[in-house]
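> Residue numbers (numbering that gives the first Met the number 0), protein chains in the order written: chain A, 0 to 644; chain B, 0 to 99; chain C, 0 to 488; chain D, 0 to 492.
There could be a bad hint or two in this list.
To be verified - DSBU-like mimics (lysine-lysine), calculated; alpha carbons at most 35 Å apart, straight line:
#1 D:Lys-102 <-> C:Lys-356
#2 A:Lys-153 <-> D:Lys-299
#3 D:Lys-442 <-> A:Lys-24
#4 D:Lys-442 <-> A:Lys-153
#5 D:Lys-102 <-> C:Lys-295
#6 D:Lys-373 <-> A:Lys-153
#7 D:Lys-373 <-> A:Lys-25
#8 D:Lys-373 <-> A:Lys-24
#9 A:Lys-153 <-> D:Lys-45
#10 D:Lys-373 <-> C:Lys-373
#11 D:Lys-370 <-> A:Lys-25
Claimed, not checked - Chain B stretches covered by chain A per the calculated footprint, using a threshold of three residues with CB under 8 Å from any CB of chain A:
#12 47-61
#13 93-99
What the hints assert, rightly or not - Which chain C residues stay away from chain A? Per the calculated CB distances, all over 10 Å, these:
#14 Pro-29
#15 Ala-70
#16 Ser-193
#17 Ala-215
#18 Pro-231
#19 Val-263
#20 Ala-291
#21 Ser-293
#22 Thr-320
#23 Tyr-429
#24 Leu-448
#25 Ile-463
#26 Ile-466
Hint data in this document are derived by calculation from the structure and do not stem from the laboratory.
A virtual CB, placed ideally from N, CA and C, is assigned to each residue, including glycine.
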Amino acid sequence: MFQDFAYLIVLLPIISFVLTLFFGKKFPANGGILAILTIFTAFIISAGTLSEIYHGGVVEQSWHWFAFLDFGILIDPLAAAMLCMVSFVSFLIQVYSVGYMSHDPAKPRYFAETSLFTAAMLGVVLSDNILQFFMFWELVGLCSYLLIGFWYRKPSAAAAAKKAFLVTRVGDVLFLAGIIVLYLNISDFTVPDGAYLLQFQTMFAAIEHIPPSQLTLITLLFFGGAVGKSGQFPLHVWLPDAMEGPTTVSALIHAATMVTAGVYLVARTFPIFLASPDALIVVAYIGGFTALFAATMGLVMNDIKRVLAYSTVSQLGYMMLALGTGIVVGAEVVGMSLFHLISHAFFKALLFLCAGSVIHGLGLQDLRQMGGALGKMKITGITMLIAALALSGIPPTAGFFSKDAIIEGAYSYWTHTGDILPYAFGIIAALLTSIYIFRLWFMTFTGEPRTDYHAHESPPSMTVPLVILAILALGFGLAAHGAFGGFLEHTYSEHLIEEAAEIGGHHLAEEHPHPPPILFYLPIIVGVIGFVISWLIYSKRIFNMSSIISSRNPIYRLLLNRYYQHQIYTEFVAITIVHRVLSLIGEFIDRRIIDGIIDGISWILIMIGEVIRRIQTGVVQHYAAWVVMGVVALMLFLFHGGGIL
Amino acid sequence: MVPLNYYLLLSGVLFAIGIYGLISQRNGIRILMCLEILLNSANLNLVAFSSYHGNSTGQVFALFSIAIAAAEAAIGFAILIALFRVRDTIDLHNINILRW
Amino acid sequence: MSYLNYTHLAPELIVAIMGLAVVFFGLFIPTRFKRGLGCISGLALIIAILEILRNGVLWESQRVATYFYDAYTIDSLSQFFKLVFLSVSFIVVIASTRRYKESRYQDEYYGLLLFATLGMMVVASSNDLLTLFIGFELASMSTYALAGFDKTNPKSVEAAMKYYIIGSISSAILLFGFSLLYGATGTTNLEAISAYIAAHGLASTTGTAILVFLVAGFTFKMALVPFHMWAPDTYEGSPTLISALLAAGSKKMGFVAAFKVFIVALIALKLDMQNVFFILAIITMTYGNLVAISQKSIKRMLAYSSVAQAGYISMAFVIMTPLAVGAGILYVLSHAFMKTGAFIAVGAVVYMLTREKKNLPDADHLDNFAGLSKRAPLTAFAMMIFVFALAGIPPTAGFVSKFVLFSSAIHAGYITLVLVAILNSALSLYYYARLVKYMYVLPPAGETLREPRAYLLAMLVAVIVVIAIGVYPAPFLEWAMNAATTMGL
Amino acid sequence: MTLPLISLMILIPLVGAIISFLSRTRNQARIAAIIASIIPLIITIKMYLQVDPSTMWVVESYDWIPQLGITYKLGVDGISMPLILLANIVVPLTILFAWGETKRTSSFYGLLLLEQVGVIGVFSSLDFFLFYIFWEITLVPMYFLISIWGGPRKDYAAIKFFIYTHIASLVMLLAIFALYFIAWAQTGYPSFDIVHLLAQYPSFSPVVKDVIFFALLFGFIVKMPAVPFHTWLPDAHVEAPTAGSVVLAAILLKMGGYGLFRVMMPMLPNTTNTSLVITVVAIIGVVSIVYGAFLALAQKDLKKMVAYSSVSHMGFVTLGFASLVPLSVTGAMYQQFSHGLITCILFMSCGVIQHGAHTRIINDLGGLVQKMPKLTFLMLGGFLASLGLPGMSGFIAEFTVLTGSITTLFIYVMIAVFGGVAVTAAYHLWAIQRAMFGVFNEKLGHIHDLAGYEMLSMAILLLLVIFFGVNPDPVWDFMQAGANTLLAGVHII
């Protein structure tokens, strides 16, 4: 019954977007109420649909669009789980926004754009073909642009918005190229009845007709898109800057919507990735490396939101890592990855909302100025602690279950391929994660205030979502970790996965050996170690950090400058190479050479005219002489030359 | 009987003299005279050819042409007089306000 | 007994009689009534035009009648050109009724104009070197006098002077050429010449000499480089209406004479002729356009443009196919109207300006055209039409003529020639567009002007024909093709 | 009796133009103009609803110059109909946008209508003579629009535009002649009928084929314009008044693309060395896309940037044309249509900014959103559409061109994707960030937001862009039928 209204999941937020944008001022809460209601309805439908397909079956609907393409809805377990998470988290964030944004004059625009953002994300999840997926994907990018640049008067916000759009656009270009190459390979494939070209099911059916090398190309291009959207190395640079928008937007981008789209893309097209010999290895490496790389930067950031941003990048790396281990573990990794995605959505949304609450309550963003806020902001402090525990994978939080599974997957990968690196990345990153998140918590909530501020707890519309999310971050893993994997296993048929693995030349391990006890408990151990280190340094202050935190320390400087990526990406690549050199060379060619030739020709012609008009001296004898010369010349020409035709 | 070539040579010489005069002289009157020489060289030709071919067409042509030359000279002098009135000179080298 | 039936000579007779009558009655009529002579002349011209249209020779592709011992023929070629000459004269006369309204010498003016027209008509019909030469000289001498008609204006006299001297040289050269041609063939009848050469051949030296002399003689009228030197000076210095007559009428007489002599009589020299005209055409159009760019006097600019246009038309002598000659003839017709119209428009401007300020030097300077669309909207509009027609922008006569002419060149395989012509045509846009810019874009250079009605009427006639040929060229093209076929190509 | 609908569509704006030229007051002129430009739109819609796009329908044919086989023959099919629709949408909206024009209004609106006349004529002519006449007629009003209402370097720009494109048309004319005469020699009777001549083309001798092909190609791609024959465009755009730019970019450039489809497409597979020709055309297309994008990035003037973006976007048309695949050919046609709508918004935005801020130099602007929120909204919509955002018509076009072409032009498509798409986003975003967002530049003084009629016009365009981006079917079906017919005779599919 709910599934018949599946299209409303996207449509309602879009309606909300249009109405709020143009008539926002006339609605209660400047349109907030509309946004909340529509997203809540979407959540209800999503949840209803999930319950309907829980015991099998998928929802498929499509309408002809143009050419060979349809608009379509596909809700399988993967999509259903994702839908519920997106709509639910978005709903909570919207509720929270009513309080958080209460002083902003541009509320209608805010609610309109967030509605569109949610709609776009839901559209990505619902899509049953890769093109529609891409369209909503781009729409997500657009909304992130609008929302990050929400406070467009701030030059830094406008710049960050542009950067976010452009960097993810680089990934999108790769994704688009992937779709195009995919089309190249399946354009003459006979489409099964009831399906159409570029539909996921057609793609999967066509896997065996595509040469593996092309599959690798396609999947790597797809993964390029995922790297851009999900902030993986090396296209992660936009994500920390995306903090320029309102904190709720950060929460929306980092927890529920945009960044998970990349992971969802890989999960959605997982059979193709599996069928390619090398793609998943790349995914694993990039994911693992990103997890570690981002965590190192998270250690030294002083802006509360920036720490969380790098944490997001790092956690997304984990999700990618999980998917990458699929060459050994098989389709189960989709469940693993998505499980982490959802638990991450809860605790990361919680972290951001807490950070928002802190910023709201303290009026500060710099960790070095905070301290001792726990007394004034109990709810925020405690919920944030829960989120931090979840992030660092301390049992029994959701983060523990999800991250543990991933590291275990990496272990399987290690044992089957002998390649330890992804595992090592995962473990070290887990340690660093624990350190930086507790550093953040301790610096914010313990000790003495380092500046004068008047803290106050946030209003209920903000704290209630915090509490709900905290409960989820705490209990979700415990409640769902068994059922979740089982449910998501229905996403891809076993036959499809086996066939794909065969094409890719992978041997899926039947048995996953349990690691020896020391390794089994290692994730928890490093989590605790991290906590202890942070506690000692930032709460007990037993070390003097000034020797490390100094501009003379090259490693610290490297990290604080974020590996000089701004210099490399913006100043060198964007400004120097693309703008200065390439486009100015083009300008030179255009103005001086191409136009120069044209203007030169006309100048020469005019000059010739100026010169030869002097033949007309005005003296009639000269004219007579010309006549005679003409006669003589014609005579000579005819006697000697002639026949030029 | 004088051979045709002699006539042609004479007319050619006359033609060349006329052309030379036209190019080298500055005085308008002389120019007009040179024009007459030019026309007459052609008339000479016509008459000579007429006698050579033994038909009268050339002579008729020459008569017409002489008449036309007379009219032409009249117009030429009329223009020269008008020129002299407005410019006070008939030195054609100086008559060049229209140029380029 | 066709030569007893003189009805086909009616147009010539009308013009001749009226010319004499105008001069004669001019002796007795007081100046203030002399304007009527202009009206009568115009009436005579229009009657002649109607007569030509009425008797239907234009639609014939065969010769219709011959007179005076084969010296004078009536066929569609001759009638077509007569139509051109009469129309040009008619348009000029309309405008002149205003321009010379108060002149004492109106009778002479109209007389000379009619005689000039008559001379041109005789050339168009002549089938003998003698009649051709007489017609040529009649037209030339009348126009010498007309060119110097403003005899107190140094420019006008100087223009007449130059025109006269170069014209006389060319006449002499032409006559010399005729004499050689007569010497070589023993006849002056064009068809007889052709038949003689076909039967006995022509020594190549003699042939070349004849060809060069005749080319020099005719291209002087056609104003092909380097025999064009007089044209810019004369067109600039002459009274503007006479410039119109020279550029549109007299010049076309050169073309019809050349068509007759070269195509009818000297077709045996076709190869040499094509070579010569190939070079002349290319040099002429390029030179004309390049020099026109830097002109500031509109009359002089139009003169150079006229030189360039002559270059296009003379492509017909290179291509020498019936289609090309037909196209050339069509171009002659179009150009006659475009150029007359343009000169009359300039004349109107000059007239309007000098009416206020006597002795205004350089009244036709480009700067005086600034903002003309505000000062004299109708004149400016007509001028724009003529200028775009000259540039070959559709839907005007200029476009159609170029279209047919260039296409005939492509047909005959003269790619180089057409390429040069086309680039020239694009180049010419530069100065035409500049004039349009002055008229329509720049701010007005003075007060609003009162536009003289006679000029407007003259321009209206020209505009109508230019547009008519542009929009519905079929009948005009048919006439031109008929005219071309009578030459027996 | 059936009405000669196409002739009416040409005639009514012509009459409107004359009325407008003669009208004494601004109001008279603009009301005449808007009425005369909307009636063709109504006719178009009526025709749209009763048609079969796969063949030529609504043909009007009369003898014109029988000696040369010239006829007055008009007709529309799936290739031309959407473009006629585009022209008839754009011109009324342009007139609406320019409702507040104050300088020499009667001529202004008249000239805009004349553009409509010429363009509809080009899109519906089935006779080369007629085609060429209309093709040339479009030059004149644009020349006036640039040189009367233009910016500081209008003389240079106008004359450059005029002569440059005129040379191209003349070269095209030469090729038409060659086609005509050789076909005449083959069939024994003269005809300028486009379809007839194109049917004769395959049996020409090889050298002639190539010469004709490249001459025609030159004529069309200068109009498009494609690199390296594009330099007249930035100058013309920068100097032209807003309405002139709009008409120039939105419909005049489309004539080049239309020529490619109508004339070149049937010839392309029959050239002597088709693969070479395709390579050349594809390279031109790709270079235009990439080079245009980079040049746009280098521009300091907002309008010039938009002009270069036109070069870049029209490259997709060339690329789609070269591939000879129905999907991409349809996509290329769609790109013509879509670019026509999108570019209007961009140029209108530039116009409003120029009008308000008296400068278009991006670095001198800044923070305009605070004074012009409505404009910023519409402009952002246009910019996003232009950078190929899904959901807008540009995306459909570019995507289908790229996917369609990939099967035959793999490497070129890849270059276009990687070199063009990202840069396109970059310059659009860079410009809008610098010009519209950030801190308001106080030096700009007091700035009004856009007027109601301007907003209406831009908003309609934006809605159309979104409508055709979400639901391309109405035009797509037409173009697809047209493309299939075109390619059916081609045997390369």
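> Are the hints correct? Go through all of them and say.
Hint check results:
1. Using a Cα cut-off of 35 Å, the hinted pair Lys-102 of chain D and Lys-356 of chain C holds, with the two alpha carbons roughly 31 Å apart.
2. Distance check on the hinted pair: Lys-153 of chain A and Lys-299 of chain D sit about 22 Å apart at the alpha-carbon level, within 35 Å; holds.
3. Between Lys-442 of chain D and Lys-24 of chain A the CA atoms are separated by roughly 32 Å; this keeps the pair inside 35 Å, and the hint holds.
4. Pair hint Lys-442 of chain D plus Lys-153 of chain A holds up; C-alpha atoms about 18 Å apart against a cutoff of 35 Å.
5. At roughly 28 Å between alpha-carbon atoms, Lys-102 of chain D and Lys-295 of chain C fall within 35 Å of each other, so this suggested pair holds.
6. As the CA atoms of Lys-373 of chain D and Lys-153 of chain A are separated by approximately 19 Å, the hinted pair is consistent with the 35 Å bound.
7. With a C-alpha separation of about 19 Å, the suggested pairing of Lys-373 of chain D with Lys-25 of chain A holds against the 35 Å cut-off.
8. As the CA atoms of Lys-373 of chain D and Lys-24 of chain A are separated by approximately 16 Å, the hinted pair is consistent with the 35 Å bound.
9. Only pairs whose Cα atoms come within 35 Å are accepted, and Lys-153 of chain A paired with Lys-45 of chain D is rejected, the gap being roughly 50 Å.
10. For a cut-off of 35 Å, the pair hint linking Lys-373 of chain D to Lys-373 of chain C is broken: about 39 Å separates their Cα positions.
11. A hinted pair counts as satisfied when its Cα atoms are at most 35 Å apart, and Lys-370 of chain D with Lys-25 of chain A qualifies at roughly 23 Å.
12. For the segment 47-61 of chain B, the assignment as covered by chain A is violated, since 0 residues bring a beta-carbon within under 8 Å of that chain's beta-carbons and 3 are needed.
13. Remark: the segment 93-99 of chain B is confirmed as covered by chain A, as 6 of its residues place a Cβ nearer than 8 Å to a Cβ of that chain, reaching the required three.
14. Look at Pro-29 of chain C: its CB is around 39 Å from the nearest CB on chain A, clear of 10 Å, so calling it non-interface holds up.
15. For Ala-70 of chain C, the requirement that its beta carbon stay farther than 10 Å from each beta carbon of chain A is met, with the minimum near 28 Å.
16. Distance check on Ser-193 of chain C: its Cβ is at least 20 Å (rounded) from any Cβ of chain A, clearing the 10 Å threshold; non-interface status holds.
17. Against chain A, the non-interface label of Ala-215 of chain C is violated: not every CB pair exceeds 10 Å, the least being about 5 Å.
18. Its beta-carbon lying about 6 Å from the closest one in chain A, Pro-231 of chain C breaks the requirement of being farther than 10 Å from that chain.
19. Separation of Val-263 of chain C from chain A is adequate, the least Cβ-Cβ distance of about 21 Å exceeding the 10 Å criterion.
20. Look at Ala-291 of chain C: its CB is around 8 Å from the nearest CB on chain A, not clear of 10 Å, so calling it non-interface is violated.
21. With a cut of 10 Å on Cβ distances, Ser-293 of chain C falls inside the contact zone with chain A, its closest approach being about 5 Å.
22. Remark: the non-interface label on Thr-320 of chain C is consistent with the geometry, its nearest Cβ contact in chain A lying 14 Å away (cut-off 10 Å).
23. Not every Cβ of chain A is farther than 10 Å from the Cβ of Tyr-429 of chain C; the closest lies at roughly 8 Å, contradicting the non-interface assignment.
24. For Leu-448 of chain C, the requirement that its beta carbon stay farther than 10 Å from each beta carbon of chain A is met, with the minimum near 31 Å.
25. The beta carbon of Ile-463 of chain C sits about 34 Å from the closest Cβ of chain A, which is more than 10 Å, so the claim that it is off the interface holds.
26. With a minimum CB-CB distance of about 31 Å to chain A, Ile-466 of chain C clears the 10 Å threshold, and the non-interface call stands.
Going through the hint list in order, the structure does not satisfy hints 9, 10, 12, 17, 18, 20, 21 and 23.
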